[in-house]
Amino acid sequence: MTESGFTVDVDQNQYLSEGGREVSAIVTVATAADAAGLASPGPAGAEADGSAEIIIIDCSGSMEYPHTKIAEARAATAAAVDVVRDGVMFAVIAGTNLAWPVFPVDGSMARADAASRAAAKQAVASLRAGGGTAIGQWLELARQTFARYPARLRHAILLTDGKNQHESPEQLAAAVRQCEGVFSCDCRGVGTDWEVKELRTISTALLGSVDIVPDPSGLAADFAAMMQSAMGKQVADVVLRVWTPQHATVKFVKQVAPTVDDLTGRRTLSGPQAGDYPTGAWGPGESRDYHVGVEVTPAGVGQEMLAARVSLVAQSPSGTDVLGQGLVRAIWTDDEALSTKINPRVAHYTGQAELAAAIQDGLEARKQGDEETATAKLGRAVTLAHQSGNEDTAKLLAKVVDVVDVETGTVRLKKQVDDADEMALDTRSTKTVRARK
Amino acid sequence: MTGEDGLPDGPLTLEGTCPSCGAPVGAGDSFCESCGTELTPPMVSTAPPGYLAECPVCSVDPEVPPSVITAEGYCESCGRKVPSGRDHSELDLGLLAGVTDRGLRHTRNEDAMALAAADAPGGPVAIAVVCDGVSTSPRPDDASLAAAQASVRALLTSARRGDDLAEASLAAVYSAHQALAGISSPGQAPSATYISAVIGSDAVTVCWLGDSRAYWLSTGPDTARLSTDDSLAEEMIARSAMSEAEALASPQAHVITRWLGADLADPEPHVIRFEPPGPGVVLVCSDGLWNYRPEAAGLAELALPGALTDALGAAAELVKFALDAGGMDNITVVLAPFPLAPFPEELPHTKTVPVRRQATLPRRTPP
Chain G
0 MTESGFTVDV DQNQYLSEGG REVSAIVTVA TAADAAGLAS PGPAGAEADG
50 SAEIIIIDCS GSMEYPHTKI AEARAATAAA VDVVRDGVMF AVIAGTNLAW
100 PVFPVDGSMA RADAASRAAA KQAVASLRAG GGTAIGQWLE LARQTFARYP
150 ARLRHAILLT DGKNQHESPE QLAAAVRQCE GVFSCDCRGV GTDWEVKELR
200 TISTALLGSV DIVPDPSGLA ADFAAMMQSA MGKQVADVVL RVWTPQHATV
250 KFVKQVAPTV DDLTGRRTLS GPQAGDYPTG AWGPGESRDY HVGVEVTPAG
300 VGQEMLAARV SLVAQSPSGT DVLGQGLVRA IWTDDEALST KINPRVAHYT
350 GQAELAAAIQ DGLEARKQGD EETATAKLGR AVTLAHQSGN EDTAKLLAKV
400 VDVVDVETGT VRLKKQVDDA DEMALDTRST KTVRARK
Chain R
0 MTGEDGLPDG PLTLEGTCPS CGAPVGAGDS FCESCGTELT PPMVSTAPPG
50 YLAECPVCSV DPEVPPSVIT AEGYCESCGR KVPSGRDHSE LDLGLLAGVT
100 DRGLRHTRNE DAMALAAADA PGGPVAIAVV CDGVSTSPRP DDASLAAAQA
150 SVRALLTSAR RGDDLAEASL AAVYSAHQAL AGISSPGQAP SATYISAVIG
200 SDAVTVCWLG DSRAYWLSTG PDTARLSTDD SLAEEMIARS AMSEAEALAS
250 PQAHVITRWL GADLADPEPH VIRFEPPGPG VVLVCSDGLW NYRPEAAGLA
300 ELALPGALTD ALGAAAELVK FALDAGGMDN ITVVLAPFPL APFPEELPHT
350 KTVPVRRQAT LPRRTPP
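Protein chains in written order, with numbering that gives the first Met the number 0: chain G, 0 to 436; chain R, 0 to 366.
Hints are computed from structural coordinates only; laboratory data are not their basis.
Misleading hints may appear alongside valid ones.
What the hints assert, rightly or not - Sample of chain R residues facing chain G (criterion: CB under 8 Å; computed from the structure):
| id | residue |
| --- | --- |
| 1 | Pro-64 |
| 2 | Cys-77 |
| 3 | Arg-79 |
All C-beta atoms, glycine included, are put in the ideal place defined by N, C-alpha and C.
Can you make the complete structure from the sequences, with help from the hints?
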């Protein structure tokens, strides 16, 4: 482990055949196992550089049907509040077609201690359901609330049970854009009446996770776990800075483990030949893999080029801090044994990204009534899931299709599919399994 | 400070006079410029370890922002791995290629070459500049590199604009002169020989000071030397006082009468324009090569026909020839086949060689 507590490793086949342009590499970023080993002033405290947390609870009318939904949501919020560490600034927001502060009621944030946590839980206990759903409004209030306090790590948990019905998709998209880079957000859908794509758009933009909690009774454990993970984050606003040589283009930058997340479009220019891709906040003991694709101008056989330099950069008001660095190389050779060798990890993650896309496309086709496309796509997904050893995804697929032959991807769509199973497959389609080195 | 071999880094000679002929010699000189007597024991290169300080391709292009070389030896601009040190480097720009080498007897490579290729309005243009640092001047290695790079930048800009190449060549000498003024200090005038060749679709423009040379090599009778040396030997031959063989054998043969340096305010460079009558190769070289084979016909025999199709390979062969013949001086060879090839789509080729080899002569224990 380096001084910063971060390591950056590059795995690739650096050999290209004569005239070859495509360079592909898996970049693994890992952090030290113990909190003390991470570079940033460790566990974020109460000071201006500390953490801030907001829990956003859907209080629309549908949360009353069944009544357990609002009850479990209250309990889950209380469970999450219990996990908020002393000194962390926190707040709870309720959302319908409007949004309002539940705790503190004046729209400020409270410093966590035994008293404030108790007061928050009391306020949450009185929450009632009634009204519509306008998630953009909720996010906007969270943004305004966060903005009142300087904090290094800003994180929110958003719970909903329904579709964004009381504002336009454009209004929601605009609100999400405003929140990008301000805070990160983990999204949860309870029940089966919400839209996977909608929540995934929010969680992707805000560098968080998305998942389904089909049974409200599962909420409390899930909320506590999410808050626990958020409390573990120490280094905020970390970006992958990708330098490329002149006349080269970055074709894509994707997170590929633990989940697939395409960051290609998130590039912001950080120099004449460099772009930054957000990775959010990091805690101890984390490891994420990124797939980087670059197109370079070929050089002659025997020549070597630095195709990309991937730096992990933490940005703070005091400046930028390079936490680690990896080099992606290109060497042109006329030895076909070298240039045609497929890097197993590049191949594995290419397959995992295809798997996620096949599931999402297949489910979309199924929704549209295009059974032929749905069968082909989901069949391909079954093959990929088995080949790559992604057993969780294979199990979820088996609830949506009857598998006839794994190798050829021959499947039949099930006539009766539980909505929750279909949504679980959709939300978890991006989960990948690690490739062994 | 000691080098990897346990010998002290840096020159061992005292400033003063040559013990053999009495001519003045500078600290850091390996050989007496007058009589060729060895002044310092041969040792491994004293060049700092690691890579060239600048990318040999990007640093000559004024349109590319100045870049640095990373600790791993990559150019921050183009990403190419750059050659490690000046002992031996190879450069292939497609239209032309060159090889420079420390030789066997000198402790460092004081020759410098700078090459560029322009996709000019009137068709491709190849530019070669070779400078040989004057060993009796301070920092001759810095002088040759600074002059060659300043000149090639100016020539590249002119060629891209489609300027008159004779005027551009003279202006480039001025740029190189300014660059030397920039690294000189009172009483210290780093100096170098200078030769540029700008090759277009129908002619070659050659401009020079000193005794680095340009040749036109072909399989026909048109094979010829294009430059004349600014040297005592050449003057004696011109005055018919001696035959060429006698002149070159005399101890004063390599004393140059013009050069590029801050101490020479108006160096009066020569410029000629040559229109090749058919296909052939333009050779630009330092005296490390032509000392062993001065006649154009002899060089043509060595270089052709290989140089017509593989400039880099032929340049490497010519360098090897000079090394095999003794490698007494630094050797630089640049070849450009004429007519020029189409402007290349591939990136230029730079060779990365670690320390090529150690001096082959036995070392003396330093005092």
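(message) Hints numbered earlier in the text: which of these fail when held up against the supplied structure?
(response) none
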